[in-house]
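Top to bottom, those sequences are chains A and B. According to the UniProt record's numbering, the residues represented by the first sequence are 1 to 306, in order. According to the UniProt record's numbering, the residues represented by the second sequence are 1 to 433, in order.
Keep in mind that the hints were calculated from the coordinates and are not lab data. Glycine is no exception: its CB is placed at the ideal position from the N, C-alpha and C atoms. Certain hints may be false.
[What the hints assert, rightly or not] Quick list of the computed label-pair ranges, beta carbon to beta carbon:
#: 1; chain 1: B; residue 1: E407; chain 2: A; residue 2: N92; range: 21 to 31 Å
#: 2; chain 1: A; residue 1: S11; chain 2: B; residue 2: V391; range: 30 to 40 Å
#: 3; chain 1: A; residue 1: P51; chain 2: B; residue 2: E133; range: 28 to 38 Å
#: 4; chain 1: A; residue 1: R91; chain 2: B; residue 2: N12; range: 50 to 60 Å
#: 5; chain 1: B; residue 1: G289; chain 2: A; residue 2: G178; range: 30 to 40 Å
#: 6; chain 1: A; residue 1: S227; chain 2: B; residue 2: E407; range: 31 to 41 Å
#: 7; chain 1: A; residue 1: M96; chain 2: B; residue 2: E133; range: 39 to 49 Å
#: 8; chain 1: A; residue 1: N92; chain 2: B; residue 2: D245; range: 51 to 61 Å
#: 9; chain 1: A; residue 1: E196; chain 2: B; residue 2: Q108; range: 49 to 59 Å
#: 10; chain 1: A; residue 1: E192; chain 2: B; residue 2: E407; range: 30 to 40 Å
#: 11; chain 1: A; residue 1: E95; chain 2: B; residue 2: G69; range: 33 to 43 Å
#: 12; chain 1: B; residue 1: Q429; chain 2: A; residue 2: P51; range: 46 to 56 Å
#: 13; chain 1: A; residue 1: Q106; chain 2: B; residue 2: E407; range: 19 to 29 Å
[Said to hold, decoys possible] One side only, chain A facing chain B, incomplete, derived with CB under 10 Å:
#: 14; residue: F49
#: 15; residue: Q106
#: 16; residue: V107
#: 17; residue: A115
#: 18; residue: D127
#: 19; residue: G128
#: 20; residue: E131
#: 21; residue: L162
#: 22; residue: S164
#: 23; residue: R165
#: 24; residue: P191
[What the hints assert, rightly or not] Chain A residues, not near chain B, derived (Cβ > 10 Å throughout):
#: 25; residue: T12
#: 26; residue: P37
#: 27; residue: L93
#: 28; residue: D119
#: 29; residue: P231
#: 30; residue: W234
#: 31; residue: E235
#: 32; residue: S244
#: 33; residue: K251
#: 34; residue: S270
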Amino acid sequence: MQDLVALESLSTQDIESLLDLSQNMAEILDRPIKKVPTLRGKAVVNLFFEPSTRTRNSFELAAKYLSADVINVQQSGSSVEKGETLWDTARNLSEMAVDGVIVRHQVSGVPQQLADILDIPVINAGDGSHEHPTQGLLDALTISQAKGSLAGLKVAIVGDVLHSRVARSDIHVLLALGAHVVLVGPPTVLPESYEELGVEVTTDLRRALSDADAIQVLRLQKERQNSGEIPSLWEYRLRWGITSQTVSWAKPDAVILHPGPQNRGVEIDSDILESSRSWVLRQVRNGVAVRMAVLFRLLGGGRGDE
Amino acid sequence: MSREQTGWVIRNVRVIDPFRDVDSIEDIYVKGEEIGEPSLSTDYSVVDGRDLWLVPRLTDMHVHFREPGFENKEDLLSGSRAAAAGGFTAVCTMPNTFPTIDIPSLVQWQRDQAKNIGLVRIFPIGAISKGQEGRELADLYQMACAGAVGFSDDGHPLRDARIMRAALGYSTTLGRPIIQHAEDPALSEGGVMHEGSVSQQLGLPGIPEEAESVMVWRDVELAGLTGGLLHVAHVSAQGSLEALDYAKRRGLRVTAEVSPHHLFLTDAMIREWNFKPVTKVNPPLRPDGTRQLLIQAVRRGLIPVIASDHAPHHQDEKDRPYNEAPFGISGLETFIGTILGVFIVDGLLDPLSLFRLVTVEPHKVLGLEYPGLTVGAPADFTLIDPQAKWVVDGKKFYSRGKNTPLEGTWLQGRPVATMVGGQWTMRDQEVLR
Ligand SMILES: [Zn+2]
Numbered sequence: 001m002q003d004l005v006a007l008e009s010l011s012t013q014d015i016e017s018l019l020d021l022s023q024n025m026a027e028i029l030d031r032p033i034k035k036v037p038t039l040r041g042k043a044v045v046n047l048f049f050e051p052s053t054r055t056r057n058s059f060e061l062a063a064k065y066l067s068a069d070v071i072n073v074q075q076s077g078s079s080v081e082k083g084e085t086l087w088d089t090a091r092n093l094s095e096m097a098v099d100g101v102i103v104r105h106q107v108s109g110v111p112q113q114l115a116d117i118l119d120i121p122v123i124n125a126g127d128g129s130h131e132h133p134t135q136g137l138l139d140a141l142t143i144s145q146a147k148g149s150l151a152g153l154k155v156a157i158v159g160d161v162l163h164s165r166v167a168r169s170d171i172h173v174l175l176a177l178g179a180h181v182v183l184v185g186p187p188t189v190l191p192e193s194y195e196e197l198g199v200e201v202t203t204d205l206r207r208a209l210s211d212a213d214a215i216q217v218l219r220l221q222k223e224r225q226n227s228g229e230i231p232s233l234w235e236y237r238l239r240w241g242i243t244s245q246t247v248s249w250a251k252p253d254a255v256i257l258h259p260g261p262q263n264r265g266v267e268i269d270s271d272i273l274e275s276s277r278s279w280v281l282r283q284v285r286n287g288v289a290v291r292m293a294v295l296f297r298l299l300g301g302g303r304g305d306e
Numbered sequence: 001m002s003r004e005q006t007g008w009v010i011r012n013v014r015v016i017d018p019f020r021d022v023d024s025i026e027d028i029y030v031k032g033e034e035i036g037e038p039s040l041s042t043d044y045s046v047v048d049g050r051d052l053w054l055v056p057r058l059t060d061m062h063v064h065f066r067e068p069g070f071e072n073k074e075d076l077l078s079g080s081r082a083a084a085a086g087g088f089t090a091v092c093t094m095p096n097t098f099p100t101i102d103i104p105s106l107v108q109w110q111r112d113q114a115k116n117i118g119l120v121r122i123f124p125i126g127a128i129s130k131g132q133e134g135r136e137l138a139d140l141y142q143m144a145c146a147g148a149v150g151f152s153d154d155g156h157p158l159r160d161a162r163i164m165r166a167a168l169g170y171s172t173t174l175g176r177p178i179i180q181h182a183e184d185p186a187l188s189e190g191g192v193m194h195e196g197s198v199s200q201q202l203g204l205p206g207i208p209e210e211a212e213s214v215m216v217w218r219d220v221e222l223a224g225l226t227g228g229l230l231h232v233a234h235v236s237a238q239g240s241l242e243a244l245d246y247a248k249r250r251g252l253r254v255t256a257e258v259s260p261h262h263l264f265l266t267d268a269m270i271r272e273w274n275f276k277p278v279t280k281v282n283p284p285l286r287p288d289g290t291r292q293l294l295i296q297a298v299r300r301g302l303i304p305v306i307a308s309d310h311a312p313h314h315q316d317e318k319d320r321p322y323n324e325a326p327f328g329i330s331g332l333e334t335f336i337g338t339i340l341g342v343f344i345v346d347g348l349l350d351p352l353s354l355f356r357l358v359t360v361e362p363h364k365v366l367g368l369e370y371p372g373l374t375v376g377a378p379a380d381f382t383l384i385d386p387q388a389k390w391v392v393d394g395k396k397f398y399s400r401g402k403n404t405p406l407e408g409t410w411l412q413g414r415p416v417a418t419m420v421g422g423q424w425t426m427r428d429q430e431v432l433r
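Extracted from the complex, chain A is given alone in its bound form:
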């Protein structure tokens, strides 16, 4: 493993070993003194072309707990306006003896394109509607902590799957670990071709949630209403919202996940978020652990096993 661009391209073995390492990192986070010297002297760049304080902070903390130095570069607008291309920006950073680049971009494929031109590791922190691999890993880690193992579990991914990079990474990691995945949401934002990969695709929330062991609730972007893909947030909540009524269709011990930030009262109700079924805060904590594991594996902390 040279880069982490997409979970789709990882082997099951790679995924399992990253999750084992993440579990170790999660235990470090439980210690009173979290900082370990593993990446001392290494520098990583958070190169964010799309604002996301949560993900950026999570990567930054992960790097700092491993004693790496972190530079934050926030760029907005298209690269074209700036004259300097995004590849120039990345090449310049790489010349400054940086050891790794964490990249977030609104266009699918940019981390892959960067990985093809840079010699240093590239970590995808979310690209367009493509993938968000550390999110996929932290979701898998969270479900496995709750349930022991993913094999044979039924996991429902609810909402705007078509535009969700989280859903794509979730699908690959969950399939690799033997879960049964169901996608459910409005017909306009449901990528039906995932059936080719053995994923169940339905618009029927009740069918998707029956016997589910875990429910991943996706954030609904308000722009879906402007683009004509849904009639209203209220209609959406009525048919695909996770409420005390709809959640009762799932198994009694089903766990609820959400990648955040949540639109309370739209895709999920507050009482569900705050119930004992909700693992959303654990997701946030696991996010740091997973990112520590990824940085450790890619930035020279590896044990030569790749």
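Given chain A's structure and the hints, the job is docking chain B with the ligand onto it.
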């Protein structure tokens, strides 16, 4: 083109002349600018044509040479050189330049420039609407008088059915086709590749085939209403083929073209190229099922023309995130290798049938005359080595556009010499001006 004193004879060459429906080994004599009588004189320079094919008046009826306005992408000279290198003796240039080719003087200007360059015959396409804005008809008649051989708002689909109806009505009075880039912008907006399993799995915004086919169906109905001459550019959708079939059954004056990349490549290339925008083209590369149907449609004559849609771009523009890069493939210099690969290597068409699609058929669509290789005809032909195996290297293109998804691909068959009006424009991959 200046008159040469000595003539040429191409000996023992396999002449594939769709204009005369001939496929046989012959000697072809060139005297001055024209095809000459067979002669025993020793004044002729001899070219050994054994193992080569000779095809007259190879024509690409859909190219973008970008001049005036976008000379950083291509200009009439670099485009003409690319055409000569690709084996073409005639091309039709699309009018989406800046300014748009929408008045007779600009049509005339392009033809004058082409004459000075002298590498390829340029038959300009004029705009359908003023400024290609889709609101008011351009002066089609005067552009036709100045030499425009067809009309298109290519790059900007003509969405207003009323203007399309008017244009098709006018086409009946001019004998020149209305060439539509069929795409319903409401369905394609924001899309960057074919909408299907690959786009869904890569998370790239898709363009459904129906964005094209709903407009082809509409235009076919309007061709029925007006009796107009409709030519559908770069067909790439299954529904469009149904519409063409329907037009054929009704006996409408509807023709179509397909681009080599839609016959040779699929949307799986976007994944193979790791999001590099060399694969980004409009209409987009389609899945294999559609590609197979397009090949069948060519074989049964439903699509009578193959045209490159040569769309060069500057490297800096193509070198962007996928969503931001412009659409287009630089296609002139890989054309022959691609179509030979699709149809000849696999035995799907004989050479005479294949070359109809790039010679006599585009002439029919555009109302152009060429008699074939008969004495007195302009000496426009291409020598092709059908066995030559070569690797595509965009850096070696004469075109300014190096953007090709075929980079590094082995092709079989390539042009080895091109002659226009009795003058060699290319020999052994070397363009002679
Ligand atoms: Zn077009």
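So, going through the hints one by one against the coordinates:
For E407 of chain B paired with N92 of chain A, a C-beta distance near 27 Å keeps the hint of 21 to 31 Å intact. Our hint of 30 to 40 Å for S11 of chain A and V391 of chain B holds, since their Cβ atoms are close to 32 Å apart. A C-beta distance of roughly 37 Å is found between P51 of chain A and E133 of chain B, which places it inside the suggested range of 28 to 38 Å. At roughly 55 Å, the beta carbons of R91 of chain A and N12 of chain B sit within the given window of 50 to 60 Å.
Distance hint check for G289 of chain B and G178 of chain A: the Cβ-Cβ separation is about 31 Å, which falls inside the suggested range of 30 to 40 Å. Our hint of 31 to 41 Å for S227 of chain A and E407 of chain B holds, since their Cβ atoms are close to 35 Å apart. Between M96 of chain A and E133 of chain B the beta carbons are some 48 Å apart, a value that agrees with the proposed interval 39 to 49 Å. Against the hinted window of 51 to 61 Å, the Cβ-Cβ separation of N92 of chain A and D245 of chain B comes to about 56 Å, which satisfies the hint.
Hint check: E196 of chain A to Q108 of chain B, Cβ distance near 54 Å, so the stated range 49 to 59 Å holds. Separation of E192 of chain A from E407 of chain B is about 33 Å and conforms to the stated range, judged on CB atoms against 30 to 40 Å. For the pair E95 of chain A and G69 of chain B, the beta carbons lie near 37 Å from each other, so the given range of 33 to 43 Å is met. Separated by about 51 Å at the C-beta atoms, Q429 of chain B and P51 of chain A satisfy the suggested range of 46 to 56 Å.
Roughly 27 Å separates the CB atoms of Q106 of chain A and E407 of chain B, a value that falls within the hinted 19 to 29 Å. Interface restraint check for F49 of chain A: the shortest CB-CB distance to chain B comes to about 9 Å, inside 10 Å, so the restraint holds. Satisfaction of the interface hint for Q106 of chain A is found here, the shortest Cβ-Cβ separation to chain B being roughly 8 Å, below the 10 Å cut-off. At a threshold of 10 Å, the smallest CB-CB gap from V107 of chain A to chain B is about 4 Å, leaving the interface hint in force.
Because the closest C-beta pair between A115 of chain A and chain B is about 8 Å apart, less than 10 Å, the hint holds. Restraint check, D127 of chain A versus chain B: the minimum CB separation of about 8 Å is within 10 Å; hint holds. Of the supplied interface hints, the one on G128 of chain A holds, with its beta-carbon coming within about 6 Å of a beta-carbon of chain B, less than 10 Å. Here the hint on E131 of chain A is kept, as its CB sits about 7 Å from the closest CB of chain B, short of 10 Å.
The beta carbon of L162 of chain A is positioned within 10 Å of a beta carbon in chain B (closest approach about 7 Å), and the interface hint is therefore held. With a cut of 10 Å, the hint placing S164 of chain A at the interface with chain B holds, because the nearest CB-to-CB distance is about 8 Å. Hint status for R165 of chain A: holds, given a least beta-carbon distance of 6 Å to chain B, under 10 Å. Look at P191 of chain A: its Cβ gets to within about 4 Å of chain B, closer than 10 Å, so that hint holds up.
Consistency note on T12 of chain A: stated as away from chain B, and its beta-carbon is indeed over 10 Å from all of that chain's, at 18 Å minimum. Here P37 of chain A stays apart from chain B, with its beta-carbon at least about 36 Å from theirs, past the 10 Å limit. Taking the minimum C-beta to C-beta distance to chain B, about 17 Å, the non-interface status of L93 of chain A holds against the 10 Å cut. With a least beta-carbon separation of about 16 Å from chain B, D119 of chain A lies farther than 10 Å from that chain, consistent with its non-interface assignment.
The beta carbon of P231 of chain A sits about 18 Å from the closest Cβ of chain B, which is more than 10 Å, so the claim that it is off the interface holds. Non-interface status of W234 of chain A relative to chain B is upheld: no Cβ of that chain comes within 10 Å, the nearest being about 26 Å off. Distance to chain B confirms E235 of chain A as a non-interface residue, since its nearest Cβ pair spans about 22 Å, more than 10 Å. Chain B leaves S244 of chain A outside its interface by the beta-carbon criterion, the shortest separation being 32 Å against a cut-off of 10 Å.
With a minimum CB-CB distance of about 29 Å to chain B, K251 of chain A clears the 10 Å threshold, and the non-interface call stands. Against chain B, the non-interface label of S270 of chain A holds: every CB pair exceeds 10 Å, the least being about 30 Å.
When the structure is compared with the earlier hints, no violation turns up for any of them.
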